[in-house]
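Asker: The hints should help you fit chains B and C onto chain A, whose structure is shown.
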Amino acid sequence: MTLVQLGHPARARRFLADVERARFHDAALWQIRERRDQRAAELPEWEALRELGARIKAHTLAELPEYLERFEQNARRHGAHVHFARDAAEHNQIVFELLRARGVTRVVKSKSMLTEECGLNPFLERRGLEVVDTDLGELIVQLRREPPSHIVLPAIHLRTADVSETFSRTLGAPPLADAQSLTEFARSHLRAKFLAAQAGITGVNFAIAETGGIVVCTNEGNADLGTALPDLHIACMGMEKLLPRAADLGVFLRLLARSATGQAITAYTAHYHGPRPGGELHIVIVDNGRSALRGEVRHRASLRCIRCGACMNTCPVFRRSGGHSYETHVPGPIGSILAPLREPSAHQSLPHACTLCGSCTAVCPVKINLHEQLLELRERQLEGPALERGRGSLERTLAQLLGWLLKSPSRTAQLGAVLRWLCRRLPALTRYGALRRWTATRELPPLPAESFHVQYARRRAERARSPGDIGTRRE
Amino acid sequence: MRVALFIPCYIDQLYPDVGFACLELLEAHGVQVEVPAGQTCCGQLLTNRGALRAARPLAHNFEATFAGYDHVICPSGSCAAALRRQAESWQDRTRGASTRVVELCQFLVSVLGTPARAPAFPHRVVLHESCHALRELGLGRPSELGPGHGLSESPARQLLCGVPELSLVEPARSDECCGFGGSFSIVEPDISARMGSDRIFDFERLGAEVVTSTDMSCLMHLSGLMQRQCRPLVAMHISQVLVGRTPPIARVLPRTGPQ
Amino acid sequence: MSSRDELLARLRAQRVEPVPLPALSGDWITYPDREAQFRAALARAAGSVVVAPEGDVRLAVGRLGVVQQAARFCSLVAAVPGNLPCPSEPAGFAEVEVLLCQAEFGVAENGAVWLDERVAPLRAGLFLTQHLVLLLERAALVDHMHAAYARLGARVGQTGYGCFLCGPSKTADIEQALIVGAHGARSLVVVLY
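Sequences listed follow chains A, B and C, in order.
FYI, in the working numbering the residues of the first sequence are 1 to 475.
FYI, in the working numbering the residues of the second sequence are 1 to 259.
FYI, in the working numbering the residues of the third sequence are 1 to 193.
Just so you know, not all the hints are guaranteed correct.
Unchecked claim - Using C-beta positions, here's what the derived DEER-type ranges look like:
#, chain 1, residue 1, chain 2, residue 2, range
1, B, Ser152, A, Arg191, 33 to 41 angstroms
2, A, Val4, C, Asp33, 56 to 64 angstroms
3, C, Arg15, A, Glu97, 51 to 59 angstroms
4, C, Gly55, A, Glu66, 46 to 54 angstroms
5, C, Pro18, A, Pro44, 28 to 36 angstroms
FYI, nobody ran anything at the bench for these hints, they're computed from the structure.
Small disclaimer: the values here were computed from a predicted structure and weren't measured.
Glycine included, every Cβ here is placed at the ideal spot set by N, Cα and C.
Okay, chain A solo, but in the shape it has when bound:
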C-alpha cells in the first residue's frame, strides 16, 4: 500500500487537479451506477431481493461457527482441503507452504480483494515466485506496481494511453492506441501464462455450507482458465463469504452483477466442488479481524458485504477522488468503515470523506447502513474507547464550548451578531483559517444586520401597537 499517509482531503485535491481524468472517472462510474439502476428497474422484486440478501447474510453471520464447520465437512467430502488462517501473515504462510511443497514457481491469480488485504503478491514475490494477476485491470496495475483503485474495476483511474505506455514499458508491446488491440495483446500474453502456470489462486465470491462448494464470478474467464489448466487450485476467502444453501445463490447471483457492473449476470459463474480429477483444491478461510468485527454490534452488518462496489460507483465523493485517495485496499464507503475499525489511528480522515448523503446505503444489495456507520465512527473518534480516539481533546473541548453557547438563545444571538459584524467589517478575516476553505471557491452567505429573531421580536412589538400579519410585511 501507499507508504505515506496524507489523508483523504490531500489526496483528493491531487486527484482533482487532473481535471480531465477526474471528469472521466466520475462520468464512467456514474454510467455504471445508471446501468445498475436499469437492471434493478427490470425486476419488480428488486427491493425484496435486497431484503432477503440482508437477512440471509445476517442469519449466516449469527450462526457462523456452525456454518463454517458444515462447510468444512462438506468441502472435505468432495476432496478439498480446508485451512484456517487467523490473520494475513498466517494466510500468506499457508499459501506459500502449499506452493513451496509442490515446487511451484509460476502462479496465476484471479481477482481477490482478500489477497490484496493480506499482501499476498509481494509476500510470494519476495520468496522468488512469479505471481501473475490475470484479471486485465489487475494485470495493468500489477505491471504499474500500484494498488487497484476499485474492487471491481481496478484500473478505472487509468486512460487508454496509460495502459499503452505500461504495456510498452513492461511487456515490450508495440505502441497500441486502442482498448481492442491492448486487450488482444494481453490475451496472448496471458494465455502463455495460463498454459505455463503450475498453480492458480482465486478468490471466492460465495462459499456454500450445505454443499461444501465455492462460487467464483468473472467476466473474462480468467479464474476458470487459471483453475482448468494447472493442477493446484488455491481458493482464498474471508470467512464471511459463507451462505447456508445452494438455493441462496439464486438471491445473490441476481443481486451481485446487477449491483456491480449493471449486467444481469457475469459471463462466468463457476461452481467448484472438490478438485479437478488428478488435481488438488485447497480452500484457505481467513479471519484477519473479521471475528472482531462480528463482535461489534453496531458494525457487524458491514460483514454482509459481497464486495460488489455499488457503494463506490454511487458515492459522489469516491467518484471525484478515486480509490487511491482512501489509502486502503478496499476504498469507498465500505472501506471507510472497515479501515478505521481495523486501524483507527491510520484512517481518521475516512469517516469524514462523506456528506452523509445516504446514496450508498440505498444501493447496497445487502442493505448495510453504510452512512450511519460512518457517522458512528465519527462518534467513536470523539467519544469512543480512549485508544481509538483521534482528533484530540481540542475538538472535544471546542464542541463542549459550542454546545454551551448554542443552548442559550441570548448567547447564540450575541455570537451570531458578533461574527456577522466581524465578517462585514473585516472581510480579510474570511480569507484565513477554516473560513478560507469556504471563501477559496465560494462567496460568503449574506451577512444581514439583524437576525430573524431580532426582526421578528420587533415586528411583534409593532403588531401589538397596530394589527396585521407579521409575515406579509417585507423588509
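Answerer: Then chains B and C, alone, in the frame of chain A:
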C-alpha cells in the same frame, strides 16, 4: 392544533427572509404559528461531527422550548432529520417534541392536505432534492430504489407542480448530493466545490433560472459557488418560491478587484 | 489450539442475536415469452442466438460463419461431428477454434446457460477455444435464477465443476470500452432446437 415554527440557526442568522416567507406561507394556509423565543439550534453541527455529548444540552433546550406543540414545523430537511435522529437515540429521556418535527412542505401536503393556491412564479425552476429530506426523511423517491418501494413524490415537488406559470426542469442526475455536507464543505473543500459546481452545471444546461430546495444549507453552498463563478442562476428557498418572491438578480459580470 | 479451533471458540463466545433464515419465496418475475427474453438478455451480453430449422442442429451448426471458417472444429456432441477429434489434454484446446457443447438449460432473466463436467469433462476447452457454440433445447428455459437452482436441486453439489455461462468472455477494464473476447471465448452462439 398548536403549531410552532423552528427556525434553523443559519436561517436565523443569515437568511431571515426565509423565516418570514415561511410565516407568510403558513398564514396563507390559515395556520397560526408560534415562534417560541427560547429556541436555538438543532445541534447537527455537533452531532454530524460525532459530538453527541456536547449536543445534549441543545436537545434538552429543544424539548423544553417545544413541549406541548402538536407539530413543530422545520423549514430544513437536514435539521428535521437531525432532530428525528436525536429523538431515536435518546428515547429514554427526551422523547417528545423531536418526534413531532415535520418538514415544512410535508406539513403542507400531508398534515394540512389541501395546499392553498400559490401566486404565479413565471420562471424555469429546478428542484434540488436535499439528501436528508429524500433519503433520511423519506420525502420523495430516491433514484437508487427499485420499483415497488411505495414512496410518493416529494411534498416539495408536489407543491411546485401546483404553482402557476412555474416551469419545473429535471436535472440529468436527479438526486446527486450538492456537496455541502456541513463540515464536509471545509474538511473536504475541493471535493465539496467540485460536487457543487457539477450540480450547477447540470442545472444550467437545462436553462434553469432558479434552483430551489427544502434546505437552505444546500442552497447556501450552491449559491456561494454560483456567485463566485458568476453563473446566471440564483437560489431561493422553497418557501420564498411558494409565496411568490421575486428572484434575486444574478451577478453575471465577472468581479473586478481582489477576490 | 489450532487457528481453526481458536476461531470457532472465539465466534462461539460472542453473543449474537439469532436471525431466522428466511424462506426463499417471493413474487418472482415470470416472462410470457421466455425465449424472447433469453435472446434479448444474451444479446445484451454480446452473445447470439440462432434457431435450428426444424430442429436440425447439424444443419444449423454447419451454417455458422465461425464453423465454416474453422480449420479446427471440435465437438463434444455426438450428433454433430467436428472436423477434428477433441484433445485428450486440457492444454490441447488452445489450438481449437470452435468448440461445440451441449448446454443443459438456460435462464431467461439473464441469458445464461448451465453446463457442467458431464458435458465438458475437460472444462478447459470451454475457455481455451476461440469460439464457443452451445446447443440448447427451447423447452429447457427457466424464468429466473431461483428456478435454475430449483431445477438443479442437489445435483449442484454433486458435480466437480458447473458453470452459468453468459455470452463470450469480455472486459471493460480499459477506459470502460467493452471488448468482447478477453481471455476466454471470443464469441458465443446458442443454437436453439
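Asker: Hint by hint, which ones does the structure fall short of?
Answerer: Of the numbered hints, 1, 3 do not hold.
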